[in-house]
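Trainee: What follows is the residue order along each chain.
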Amino acid sequence: MTALLEIRGLTIDIARDEGPARVVDGIDLTVMAGESLGIVGESGCGKSLTMLSLVGLLPNRIRATAGSAMFGGKDLLKMTPGALRRVRGSEIGFIFQDPMTSLNPVIRIGDQIAEALIYQKGMTKPQAAIRAVELLALVGIPAPEDRAQAWPHELSGGMRQRVMIAMGLAGHPKLLIADEPTTALDVTIQAQIVDLVRDLKTRLNMSVVWITHDLALIAGLADRIAVLYAGTVVEDAPVAEIFDRPTHPYTRALLDSLPTLAGEAMSRLPSITGTPPEPGRRPPGCPFAPRCPLAQPACSDAVPKLAPVPGSDPRHRVACPIVIERAVA
Amino acid sequence: MTMIDTDDRPSGLWRDAWRRLRRNRLAVAGLFIIFGVVLVAVIGPWLSPYDFLSQNLDVRNQPPSASHWLGTDDLGRDVLARLMFGARTAFLVAIGVTVTAVFIGVSLGAVAGFFGGPFDRFVMWFTDITMSVPQLLLVVVINASLKQPISQWMEARYIETLNPIYRNSTLIDFVLVFGSMALISWPAYARLVRAQVLSVRNRPYVTAARALGLTNRIILTRYVLPNAMGPLIVAVSAGLGTAMVLESAFSFLGVGVTPPTPSWGNMISDGLRVWTNYPHLLVAPAAVLAVVTVAFNFLGDGLNDALNPKGQK
Ligand SMILES: Nc1ncnc2c1ncn2[C@@H]1O[C@H](COP(=O)(O)OP(=O)(O)OP(=O)(O)O)[C@@H](O)[C@H]1O
Ligand SMILES: [Mg+2]
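Which chain is which? The protein sequence lines are S and Z, in order.
Under the working numbering, the first residue of the first sequence carries the number 1, and numbering increases by one thereafter.
Under the working numbering, the first residue of the second sequence carries the number 1001, and numbering increases by one thereafter.
No wet-lab data here; the hints were simulated from the structure.
Among these hints, one or two may not hold up.
Below, simulated SDA-like cross-link-like pairs (lysine to any residue); rule was C-alpha separation at most 25 Å, straight line [said to hold, decoys possible]:
hint: 1; chain 1: S; residue 1: K78; chain 2: Z; residue 2: R1217
hint: 2; chain 1: S; residue 1: K74; chain 2: Z; residue 2: T1130
hint: 3; chain 1: S; residue 1: K201; chain 2: S; residue 2: E91
hint: 4; chain 1: S; residue 1: K125; chain 2: Z; residue 2: N1216
hint: 5; chain 1: S; residue 1: K174; chain 2: Z; residue 2: T1215
hint: 6; chain 1: S; residue 1: K125; chain 2: S; residue 2: A143
hint: 7; chain 1: S; residue 1: K121; chain 2: Z; residue 2: L1192
The following block holds chain Z by itself, in its conformation from the complex (with noise of 0.2 Å):
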């Protein structure tokens, strides 16, 4: 025994995986463009000059200039400034989607896991019934039947109340792509889980607690859960890119977020139609997205490669 140490990291392990992260190029990689996108989503739309829904007959559909660095779409807003608010928008539904998809499969998953037995089998079945159900149909069907009757609720409550926030379409929008794609994203997480507890709770170090008469709560949030995250960040990890791919399809789709709030999607969408003509509207919503979506699957990998570096050939 040479050296105690006192820093406070959370422990050796993870300390050896942040330095194993580090020396793989890719993840770092990946890691600085989502911190650089995350960056730009949270300060770039108050650096910009032009407002993402301010309108400008004048400059309507310019290539990229000294003025407007991406140019203009049809009608005439700044598309960086459009591009900049996407990006909250996709890593707002990323996170609150995968944030409650995360709370929902680990709860189920590791209770279901750690206790077995009738609840552990309903869950299981649940999970089956849920990831049977095409996930693009699922999502259509629930906006389709949902829109409607919120939006008239929320109408009925501004008239009742005069509070602005009842007036908000975005807000409608963000819950029911929250909602639904939430409730597609958690069985996944449900199963990983389940399938890390199983393996967790038969380790020596759990009998141990139980030896020590720690409750079976105790044992569940300290002993087995801490044990059995590693995979779940590399999922979540993963998530993130999948829920930012899938808000952009739905709303490319037409039932995800709603135009004027701009959604890398719903860009694609609008450049689709115009691409023969002005390619920049399609070409700038489509590389940010790709850009995106593999520097999160790099750091996925990278993630997975550090977390468990017996797992490599």
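Next up, chain S with everything else stripped away, as it sits in the complex (with noise of 0.2 Å):
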């Protein structure tokens, strides 16, 4: 397997009157071809900003600040905004977390889709018409003749989330970015997306990186998954490993909240007590010291860089020197 996407030591500021507050400290991050990645972590750990700054999607005042996105052989980070305007829909396509607001209510479902493939493809009105109809029927929409005609507001939040996932393949993207799209919706419904991104993914051939709250949710889905915690990887392994052998104190408390409803249980850990630093009020060191049970004075002496987990799968690499000095002994 080649690598399809490799970010390195990605680091993203908000720059704020009183100067740039770190959101993303140093991520690294590798996504192979035909690969799903799963990324958890708390609200507010960097996740989409993560994302969207592969794309140059960052909001007003944020900006990567360092780092490197290797894409196809080119630099993401380094790229103008048109040549990144072209990578979004036909090389990375995305779908976000509220299917009710992410759709143009004035425009027709079946039209917005054929809209990106005439803008995005060149393609004739009359072939972008046909193309958005079998893009339709391609994510399971019943009936997606009569669909296409519909607006936006007539349909339900999953048959919606299930327009903007063909809305993200309408380019045929190798890597679709999935930021929380089930969130916004019902259990049962949340399944079928899972499943249906599933199935695209072997059926298309593309590789997924797929952001969440919920671990439970895409353990069916993902390779690998990579915990994020205030702005950095902590942990980055295969999902089996993650499941039955989770190292960082982290994870771990991840993991010790599942059971609990998917969703809510991100919220508050009740493993572990405190909440993760704001942007800029990071404390020296590990990130995760202030709350974490194994804590020792040296934690906070520098940020620990992730190294593989003696013993286990050489993909599991965890950033937390005395699990791993633990895990030797």
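Once you've looked at the hints, go ahead and assemble the two chains, each given alone in its own frame, into the complex.
Mentor: Okay, here's the thing in structure tokens:
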């Protein structure tokens, strides 16, 4: 397998009047071709900003200030806005969290997909209209020809999210980034969407990055999971390793909170006290140290680097010298 | 999912708004009055047995009668015919001014709000300056300083070409009135559209459109502007009424449409001089102006409620 996307040392700062506040601090992530990567972490840990920075969609006053993101031999972080625009949609597709508000209310479903095809791919109107219906069928929308004539407000949340996926796939991207695409949906619909994406991923031979709060939801979808805490990757391992041998104290806390209802679980971690640091107020050294049951004075000296866990799958890496020492012992 | 509609109306949102508007009696009344006056303005002068310019000194200052429904003025011209032609003037000016002002205001406001940055600051600075100049003063200055040179230039062109269009003094009036009134009206539209665009440009579907790789031009024209139009429609409806009142006010003051071209404003002005003897010469144009203005306000309020159902108490 070859790497499709390689993020190295990605750092993102918010420009504030008091000075820059760091929200993402040296993230390393790799997505292999055909692989699906799950990214989990509490609200505000920088999951969305990390992905938006790749395609130049960071909000005003927020910038990627260091690092690189190699995609197909080019550094996305160094591309011009025009070049990035062509990457969006046609090489990297996005699906967002809120299907209720992510469709333009004044354009019919079919036209909305067709317009993307016309402007992105230079298709003619009739070609694009046919392709739009095909895409609606591809994402499992019944009676796609009729639905193409519908207005967004006439569809249910699950149907709209399917439409969003169809739009994300319109340009045949190599990488589909899904930012909490099921958070706003019913539990049964969530599972359907996960199944749909898994199925499409194999059929279209794409890589998928799936951002979520909900470890259990993506257990069946992701090949690998990266756990983020306060803008750093604290553990990165194949999905089975994460569930069988969670190593970082934060990952363990996440798993301990799993049996409670999905979604609610991540808002507060019952097994750990405290809250993640605010952007710009990260403690020195390991950002998790203030809440960590294993913390030692040395934890505040340096930011721990990801390192392989001895005696596990070689792809299992964790950013905590203490647990690595224990694994050796 | 039960029904998928396939009609061609722009969207369900607009359809709902239209239904709410139809339930508002005052707004419907306003709409009817406006349609009625437009109809009269378009076909009235053809139906009338009298020409709005033809004088008949035998029947000066007559009160309303069977042959002259609204009487005649001091030159024996039929008041109804002049009122109907005045409606043409009023609507032409209102539409021309509003279209021009909306075009300028929407272009500048949308681009400023969407892209921000130095251009935005420049546009805002420019609107502030324009809005800080007293409107009446600006129009008077423009008329006073430009009318003379333009008339001379037109006269010179006429001598050169003998094309009768250069002899048309009404044209000069209209161009000056359009231009100066559009100049003072666009900043309000620019501000409104800019504020709307600022709120729409961060909506999730705009971000989603960016993530699809659509260009800024497409995003602005297909995703942002159509969703920023609601308040503009309300403002345009009110703006048409305001433009009519302004036209009448300027014509009343002698800096708008000049006699003998009838305008409600210059008819009121003429009527005012003789109202103690011939009140119908003042009452007829003043009443029409008042009714049409009120009609536009009713329609504007109705549109406002119809397009912002949550905005109601
Ligand atoms: N437009 C913005 N302006 C200022 N700060 C922002 C903005 N967007 C995000 N942030 C801050 O950046 C941090 C990371 O945000 P991000 O959206 O990446 O978090 P996330 O991990 O995706 O969270 P969630 O799970 O809630 O989506 C947060 O602390 C947030 O407060
Ligand atoms: Mg997010």
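Trainee: Each hint should be assessed against the structure and marked as holding or not.
Mentor: Against the structure, the hints come out as follows:
About 24 Å separates the Cα atoms of S/K78 and Z/R1217, which keeps this hinted pair within 25 Å; it holds. A C-alpha spacing of about 49 Å is found between S/K74 and Z/T1130, which places the hinted pair above 25 Å, so the restraint is violated. Taken as a hint, the S/K201 and S/E91 pair is honoured in the structure, with Cα atoms around 14 Å apart against an allowance of 25 Å. For a cut-off of 25 Å, the pair hint linking S/K125 to Z/N1216 stands: about 20 Å separates their Cα positions.
The hinted pair formed by S/K174 and Z/T1215 meets the criterion: a straight-line CA distance of about 21 Å does not exceed 25 Å. Only pairs whose Cα atoms come within 25 Å are accepted, and S/K125 paired with S/A143 is accepted, the gap being roughly 21 Å. Annotation: proposed proximity of S/K121 to Z/L1192 is violated, straight-line Cα distance about 35 Å (limit 25 Å).
Hints 2 and 7, counting from the list given before, are not met by this structure.
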